[in-house]
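With chain A held as given, fit chain B onto it using these hints.
There are 2 protein chains.
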Amino acid sequence: MSSLATASLPAHEPLRLIPVSDPDDPRIADYRDVRERDLVGRRGLFMAEGEVVLRLLTAHGGRDLHSVLVSQASLPRIADALDLLPRNVPVHVAGQAVMDAIVGFHIHRGILAVGRARPQVPAPELLASLPERALVVALQGIANHDNMGGIFRNAAAFGADAVLLDSACCDPLYRKAIRVSVGASLIVPTARAGTTAEMMEAIAAAGFDLVALSPSGRERLSDIVPGGRQAALFGTEGPGLPPEVLASTRTISIPMAASFDSLNVATTSGIVLHHLSRTGG
Amino acid sequence: MSSLATASLPAHEPLRLIPVSDPDDPRIADYRDVRERDLVGRRGLFMAEGEVVLRLLTAHGGRDLHSVLVSQASLPRIADALDLLPRNVPVHVAGQAVMDAIVGFHIHRGILAVGRARPQVPAPELLASLPERALVVALQGIANHDNMGGIFRNAAAFGADAVLLDSACCDPLYRKAIRVSVGASLIVPTARAGTTAEMMEAIAAAGFDLVALSPSGRERLSDIVPGGRQAALFGTEGPGLPPEVLASTRTISIPMAASFDSLNVATTSGIVLHHLSRTGG
Numbered sequence: 023m024s025s026l027a028t029a030s031l032p033a034h035e036p037l038r039l040i041p042v043s044d045p046d047d048p049r050i051a052d053y054r055d056v057r058e059r060d061l062v063g064r065r066g067l068f069m070a071e072g073e074v075v076l077r078l079l080t081a082h083g084g085r086d087l088h089s090v091l092v093s094q095a096s097l098p099r100i101a102d103a104l105d106l107l108p109r110n111v112p113v114h115v116a117g118q119a120v121m122d123a124i125v126g127f128h129i130h131r132g133i134l135a136v137g138r139a140r141p142q143v144p145a146p147e148l149l150a151s152l153p154e155r156a157l158v159v160a161l162q163g164i165a166n167h168d169n170m171g172g173i174f175r176n177a178a179a180f181g182a183d184a185v186l187l188d189s190a191c192c193d194p195l196y197r198k199a200i201r202v203s204v205g206a207s208l209i210v211p212t213a214r215a216g217t218t219a220e221m222m223e224a225i226a227a228a229g230f231d232l233v234a235l236s237p238s239g240r241e242r243l244s245d246i247v248p249g250g251r252q253a254a255l256f257g258t259e260g261p262g263l264p265p266e267v268l269a270s271t272r273t274i275s276i277p278m279a280a281s282f283d284s285l286n287v288a289t290t291s292g293i294v295l296h297h298l299s300r301t302g303g
Numbered sequence: 023m024s025s026l027a028t029a030s031l032p033a034h035e036p037l038r039l040i041p042v043s044d045p046d047d048p049r050i051a052d053y054r055d056v057r058e059r060d061l062v063g064r065r066g067l068f069m070a071e072g073e074v075v076l077r078l079l080t081a082h083g084g085r086d087l088h089s090v091l092v093s094q095a096s097l098p099r100i101a102d103a104l105d106l107l108p109r110n111v112p113v114h115v116a117g118q119a120v121m122d123a124i125v126g127f128h129i130h131r132g133i134l135a136v137g138r139a140r141p142q143v144p145a146p147e148l149l150a151s152l153p154e155r156a157l158v159v160a161l162q163g164i165a166n167h168d169n170m171g172g173i174f175r176n177a178a179a180f181g182a183d184a185v186l187l188d189s190a191c192c193d194p195l196y197r198k199a200i201r202v203s204v205g206a207s208l209i210v211p212t213a214r215a216g217t218t219a220e221m222m223e224a225i226a227a228a229g230f231d232l233v234a235l236s237p238s239g240r241e242r243l244s245d246i247v248p249g250g251r252q253a254a255l256f257g258t259e260g261p262g263l264p265p266e267v268l269a270s271t272r273t274i275s276i277p278m279a280a281s282f283d284s285l286n287v288a289t290t291s292g293i294v295l296h297h298l299s300r301t302g303g
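Residue numbers (this note's numbering), protein chains in the order written: chain A, 23 to 303; chain B, 23 to 303.
Since the list can't tell identical chains apart, any single copy or any two copies may satisfy a pair.
The list that follows gives simulated cross-link-like pairs (lysine to aspartate or glutamate, DMTMM-like), each with its CA atoms no further than 20 Å apart:
no.	residue 1	residue 2
1	K198	D60
2	K198	D168
3	K198	E259
4	K198	D55
5	K198	D86
6	K198	D122
7	K198	E58
8	K198	E71
9	K198	D52
10	K198	E73
Hints listed in this document are in silico derivations from the structure and should not be mistaken for laboratory results.
Just chain A, with the same shape it has in the complex (with noise of 0.2 Å):
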């Protein structure tokens, strides 16, 4: 997608720095009080911050950014990757002072963007999409920031195809979620799809064979075969998934010690993603 940005734009027009002087300036609106909107919202709007997750995203062609707003200190290392942004996108460039004013606390990454989370497609019109050979991870109530942004750095690194969330999932675009999985709950494609009943009719009715995780499975992880349409479902922090879910479902476990078995999701991803992937593992 950075060759298209590249194709639309003379490579050569320069990037336009707008300096920010005056914290109350309206146009760094959206960087305000940071904190204060994760907690009401951002109405369709994410916040991505630092080197790595916007380098992720220039590299993506940065068609979902508003804006960006870099300290000036910061701004020499990232200067590369903004010159690959289209030129539509306002830069704002302001002083560690100023910055911190805005934002209400000490930015010391000093790299933040405000962009537009896409328009999220159908789960089965995104299964549809998907080609023969497919991995799709889905998640039943997850509920935590962390493991949420986890989960989809581990999706990235091995190549998952899609991210499906049922209803009870919390926010892959909340600013911590996308701090966490490195940018990539900003592209790997992701889909709600209701309640974890529709979720799996929908994996099911996309010819997908399915694999639930849990401690209790009736299978190992290494009895899996990997190929074809598969999907593993993951449940949520402490429980896990439901007894009518594991009743319907493939099971597999991982072996753990007796004495401690106990296993963070994301790190349980990382295991099952690392095992099913298609990247050559």
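This is chain B only, laid out in the frame that chain A set:
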């Protein structure tokens, strides 16, 4: 060890509860201003939080514990575990408001315990004490307490025999690291092993085969056959292991998507330990 504690005490001696109604009560000084103490350090003491961690500690005999502080509301659900404690460990009980005033924030878990970190044996001694089939985790410069806790949780879940830390690693007994480890950092045998070079020498001298994790690793994780005495070395967040370490060691990588080769180090440890563990995977 739970049986040891039981054997040394009459099982029927009732649990003595010490009511606390004054936040300034000197008997609960160790619990005062919890977050400030995180910063200044606890001089060899650790603070454990929550039901799961306290159950783990009591199941291990509770011999490292100095005292416990629980809220009245939390007492009923933890009383059976507290009953396993040696009777010389005082159990303080406070109302939620008093407990909040003691610790300095709203402590919704309502369960805290202070203990003394066990004296560490030197790394060579710890390694020599391990069986002929053994799995060791070696850490270079892990700086983030979440990652440290996550690695210990994985070490416990996959039955690793020990964790070695170089001198640049953060403290696995920091309050947050204990919490994220779900208590594992209190029970997995651990040693500080000096510089990374000294740590690697101790591992080699004890007859362990060492593999170092790196995205540029020359072999794949799946090429490694589990067995014998093995150690896996993980490097600091971001830069990873330094070139001189990678040049002198057998290096392995986890295959990832070309466009997103980024895994969290705790997740990486989970994937590696799942492959190498003796828990039956």
